[in-house]
Amino acid sequence: MDETVIQDRGISATFSRVPHSEPPHDGAIKGGVARSVKHDSAPRHVAGEAIYTDDIPELPGTLHLHLAMSAHAHAAILSMDLDAVRQAAGVVRVLTLDDIPGKNDYSPFFGDDPIFPEGLVQYVGQCLFAVAAESREAAFQAALLAKIEYAPLPAVLTVDEALAADLDLLPRHEMRLGDAAAAIDAAPHRLANTLHMGGQDHFYLEGQIAYAIPGEGDDMFVYSSTQHPSEVQHNVAKALGIADHSVTVEVRRMGGGFGGKESQPALMANVAALAARLTGRPAKLRLDRDDDMVMTGKRHDFRIDYAVGFDGDGRILGAEFDQAARCGYSADLSGGITDRAMFHADNAYDLQAARVTSRRMKTHTVSNTAFRGFGGPQGLLATERMMDEIAFGLGLDPFDVRRANYYPAEGGKVTPYHMEVTDSVILEMMDELAESSDYRARRRAIRAFNATSPILKKGIGVTPLKFGISFTTTHLNQAGALVHVYKDGSVHLNHGGTEMGQGLFIKVAQVVAEEFQIDLDRVKITATTTAKVPNTSATAASSGTDLNGMAAKNAAGAIKQRLIAFAAAKYSVPEEQVVFLPNRVRVGNEEIAFPDLVQEAYLNQVSLSAAGFYATPGIHYDRETASGRPFFYFAYGAAISEVVIDTLTGENRLVRADILHDVGRSLNPAIDLGQIEGGFIQGLGWLTTEELWWDKSGRLRTHAPSTYKIPTANDRPDDLRIELWDKGYNKVDSIYRSKAVGEPPLMLAISAFSALTDAVAAAGGYRVFPHLDAPATPERILMAVEDVKTRVRALES
Amino acid sequence: MSSQDAQSLSPAAVPIRLTINGTERRLQVEPWTTLLDLLREQEGLTGSKKGCDHGQCGACTVLIDGKRANSCLVLAVVKDGAEITTIEGLGQPGNLHPMQEAFIEHDAFQCGYCTPGQICSAVALVQEGRAHTREEIREYMSGNICRCGAYTNIVDAIEDVLGQSSTLREAAE
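Protein chains in written order, with this note's numbering: chain A, 864 to 1660; chain B, 65 to 237.
Chain B on its own, in the form it takes in the complex (with noise of 0.2 Å):
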């Protein structure tokens, strides 16, 4: 992360506001700052990734307004008035997401470089409603690389908290 403060922004720089893990922030951003930087180097959230910066990989997936979204193919300023959730605003240890922990109990990772961004995916997947198997989980997570080949994992972590979320609807409807 980079100690870049607003006196070293270009004139071109322009104000925007985001919510950024429910808090609302009114940032100056130049143009041509992705979503990404701007909350690596800027905001200091560090758990989103830069892997490959071209969208391919998924390392810096976050939630935009609820959906998933490679935050390095996003540039900031259009995302004016955005809510914005990455990992550290999904849950922190001692008050973890359901997701967070699914990961943790079935060992979802290696390296954990690219963890932030399957977890950021897969809590958008299982709101999206469209996953129903292990097929379907398989085909819509596989924008998020995961070098070290842990899907197995993944993808019962996310077959679990989508079993207890359809779970939950069944018993709410």
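The following block holds chain A by itself, in its conformation from the complex (with noise of 0.2 Å):
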């Protein structure tokens, strides 16, 4: 079809019939669900053409922002000397809290995150003042010339000091399922023990950084490298003192999120935008790698202590978890996350009686934020030394004990939050790998190799996982799409998730495509705007696809129903002779190709534009009874790690490990693939070699990555075998029954810490069991070898 004739009035009033413009054929689209397509980048990373915020083209006139930070953990601010900041080389304004028009807080809530503090800092690191030069390095230079005068206050700085302190800084929460303690105090067997574990710096590759650029009037367009462009949005108004509809926050990818990209990015917008606002000119903030690190939210550290009561196969009857986390200065997400935490507890376990208790500290430090897991992987990693612990005390094999406590595939059991468990399919799951990783035989052969090897150890530990899937602040379940389809057929698609590398782009992509049965190649995946879709949620909870591909398929749907009605009525058929075939739609006894369908729909005054909405269905939390069904459905995961440690010096490696993984009906293999395997190696960083270090000051030392261990290619294990589950089914109508994948393999890695600390107690002859907190670096395990050596020489003696 000529563009012309479609222009042409007169012709269109009388156009009748389209011609093929390419022959139907018969073959399935190229794109679809459920294969391994690329991610749709993928000739562009390779390339360098990808474009992330800091490779956009500066405008002329672009000025560059540095951010004092508080040299104290806890401080009164006596006074502020900014003057030879003002008048240094290249310095175009000075940022302070006098020049906020709107509300001096960047929290996604609480309101307790300012900008530019208020007479006090709580965290070294903390934001005090702005500068926006010519350049970055002007900017730089001339905030060294402040002159602050702190009166210290005292600092609490651990969780533990905040425990003692009764620092809390949300309220308390607890779940309970029947009588923990009296079944504890029943149990033939019972122990208790107390488990403290490492936060963890998401090290995206690309830092934080915005680029605002002033529109007319109160305008305000803020490039943003965010998971939650709506947050920012949001933010950016409430500082500036304008309405939401005149900031727009756009963000086509991230260098990685992890969760950090969350909360965080709005003080760098708030920043940048409120620079633009004052000088009228376009403004840049991307944070120093250190600063990022130094001020910006990390994981919450946890301490967990457990009490569990116990038969003589490890079938737990009883079990209580107090759960302590490390929140930092200000509320941020700590309240989701601390909550996730509790669900998780229970990790794939009946504990049949339970209690979870939940503080939440405050302390003179960074805010703690969201990283994948969301506080489950805390949680689950208590529950999983527990179950070791058990096993050890027992002399069973772990995975008999925790086989002895799985939720039931038939269901009927409830969690501590009164949910039942309908879909467990963890105990098929984990009988397969064991199998197929040989995993009997590899025990006996480890501790027939401990036997005869003094100085090397190996070990072996096992993981199930279950991981509930839905935001747990039920409302944000929701998720919007645009799409619309020109009139050459080809389809522009946008919704409200946004892109970090876990490849959502391009499955919400194949799920339009599949609507349309057009070829992928027709979809133009765009940016992530606050122009084009609304009120959205952060991209996160692993819900990305789960909602924006929801949302996309209704869009497309919607469309597909007019031409659909369109089609029927035009050539009097009924509309379930209307059928989309793969680029082609057969409307009887015809097949017209999609793009000439599409041009006669518009001819015709059809809209092919449309707005999709979903939310997810049936869930509901109430925090007055601790009870409620959070979660849509839970995926499911199974890991068997072999490890082998250097008891003179901790240097430890591992070896091998098996992973079988449930993301339903796949809508990408290779996608999530990569990000079971991706995820597994960040939560073997977060228990191994990651290790966030504070001084007694509050100063975190470990802010490079000269300090802080990230995994390399090196670290990854010799032998690692993943395989998606294949009879992977969702049994929820979630997006063609695939399953979340963002977070639950980060998970698996726990199971590596139980192969540490069974090598550790291979040190000692398995007479005691290890203290070893996490991470295990090689300096822990070391400490924990020397201890398990010093319990057993104190028994021998």
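Among the hints, a few may not be true.
[Stated by the list, open to error] Below 25 Å or equal to it, Euclidean Cα-Cα: the simulated SDA-like pairs (lysine to any residue) are:
hint, chain 1, residue 1, chain 2, residue 2
1, A, K1572, B, D117
2, A, K893, B, G158
3, A, K1572, B, A195
4, A, K1387, B, G158
5, B, K131, A, R907
6, A, K901, B, R198
I should point out that these hints are in silico values taken from the structure, not numbers from a laboratory.
With the hints as a guide, bring both chains together as one complex.
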């Protein structure tokens, strides 16, 4: 069809039949669901052409910003003399509290994250003021000239200190199932212990960045590397004292997010927008890596005390978990994160009777935030340690003790928050993995090896995983999409989700291609912007594809329905005789190429654009009674890891890991495998090498990759076998029966932590159970080995 | 990238000559400007990324006279006369380097931010001729962090190209 013909009103009025623009073909579409389609940005990634925020060509006059940081963990600010800063070469404007026209806050909800302090600083690295200069270097150099007078106050830095000081940041929460204390008391066997686990820096390769461009009137356009454009939009509007509709936030892609770009980017965006508003010039704020690591929130470190009663087979009769988290100085997302830790205290186990308590401790450290798993990994880790300890105490195989406790496939058992688990497949998966990984024989071989190896000790660990899918704050489970079909049959896709490398965009595009039955290259994926889809939730909680995929399917479905109605009326056939086939539509006995039907519909005044919406049905949680159905469904995984340690140095290596993971019916197996492997490696980092270390004055001393060790290619296990579970199927009506995959695999790395514990136990001839906290760095492993040997010697004497 | 031009440079700027992706460039460079900043901000070559600015993450890896280097640790002035190859110079869509093709083929990235550095590093690794096994590839690529953890596929891609190049070498011998 010729464009000029379409534009000609006279011809269109008499238009009756569109010829096929291409012959119909019978093959399936290229790139529908359930195919290993390449990441949409692949050709641009390998050529260095993919544009990230810092790569966007800068407008003339762009200013660069630097944030000055507090040197004290807790102090009153007596005075800030910034005269020398203002007079420094290249400085255009210094931004302080007095310059904020709106609200001095960048928090997601609680109003307790000041952009600039109001007389009080509460962590080392807290933003004091900002310098806008002609260059980044000038801004940085000028900030050094500030004279800040502090009156230091006592600082509480760790969970234990905060517990001792009774310094709660948020109200405590408790979940109860039956009478756990009575069950434990009556049990034939009991044990209790404590586990400390460290936090984790996101170390997204692309650091925090925002680039604000002032528009006419109140308008402000912000490029932000964020997982949550709507929240950045709202925060910028709030700080500038303008309506949300004046602010547009856009992000095409991030160089990694992992939760660290959910609430944190609002600070950078607010300051950049403020500078742009005050100077009328575009303003960019890109954090230096060290500043990023010092200033921005991390995974919460936890202390978890547990007590459990069990029978001689290791069957749990009751369990209690007292969780305490270091939240830092402000609430941020800590409420939801610590809730999720509680929601995962049961992992995959029917505890029968349980009490889970949570304390959210205030400390004078950076405000901890979302990180892949959102508290779930911490909740799980203590439970898995407990399972290992039960097995050790009874002299049983940890695999069998776990197996005795799984939620049954047939349902009927409830979690500590009173949700019935109806989709448990964990027993079947674990049995399959034990078989395929030759677990039993390898465990025997490891014991035999250890009996004759005085220095090197091997260990093996198993981890089943059940992870709840949905935002536990129920209203966040909503998403929108916008789909346009243009006259040539090409499709423009937009939705509220953001791309951080996880493959969300390609998966949602596959859904739209499948819905229209057109080749994937006919669907254009476009940057996330608050101007196209409003009021979105963060791309988080593993829910990106579940929510946005459904919203996009609904949008495409609405257009498709209009095309069906049009074709049925036009050709006088029943609607059920309009069938979308690959790249064409069968109408009665005729087949029409998709673009031709689209053109015809356009000429007949059919709307070819639709907004789609989706809200997860049937989920709720009542805080008062600590009960409900907070999750739409559960994702499951299984992992077995084998390690070797050097008992003289603590050096260690993961030599083999076997993983079986449930993604339901995979939308894109290649992308899902990548998420599983990447999540596992990231979890391995959290539990073995990545150590955040603050000194006694509250300064983070591991603030660069020189001191903070992220897994490299060499830390990947020598033998890593990952399979998608071929029986995976989502029992609830999720997008094409797939399951979320972003966060769950991170927790599979707990199997490596279990294996390290097993290897340390071997150093003491399996006589005493090790005290090994996370991360299990070589140093901690060595200390645990020494401790085990000391205790064994004490037993012998 | 910045719109910084020659006028905004300080009097300390010195003239140097670099061949960047095959094109000879005569440039005025302040002595403290790193090669990475020169590429990104003066030359508009934003494929090389600033990850940590400490030479510890590898996102800024480029080839200097064929050898890989962290361009954030190299002062541009000391490379006067050198030949620089960035990711943009290795190949472009439609005319990709075999290593770029292999990275696509093996899904050897997720967020893509480390990818230009990984590929430049991998191209040099193959040329160095030191890596022959997967273990050696992993060891010699451990200066390039991938936070998304796509290491298996990265090593697969490199092994693939390494296999092709050693086959070629054997054929030539």
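Practice problem: Take the C-alpha atoms of A/K1572 and B/A195, compute the straight-line distance between them, and say whether it is at most 25 Å. | Solution: Given that 25 Å is the threshold and the Cα spacing comes to 24 Å, the pair holds.
Quiz prompt | Hint consistency between A/K1572 and B/D117 [alpha-carbon to alpha-carbon, up to 25 Å] | solution = Roughly 16 Å separates the two Cα atoms, so the pair holds.
Quiz item: Quick one, are A/K1387 and B/G158 close enough, alpha carbons at most 25 Å?
Solution: Satisfied, since the Cα-Cα distance of roughly 19 Å is no more than 25 Å.
Self-check item: Straight-line alpha-carbon gap A/K893 to B/G158, limit 25 Å
Solution: Between A/K893 and B/G158 the Cα gap is close to 20 Å, so the pair holds against 25 Å.
Quiz prompt | Straight-line alpha-carbon gap B/K131 to A/R907, limit 25 Å | solution = With Cα atoms ~24 Å apart, B/K131 and A/R907 stay inside 25 Å; holds.
Practice problem: Take the C-alpha atoms of A/K901 and B/R198, compute the straight-line distance between them, and say whether it is at most 25 Å. | Solution: Holds, at about 24 Å.
The structure agrees with every numbered hint stated previously.
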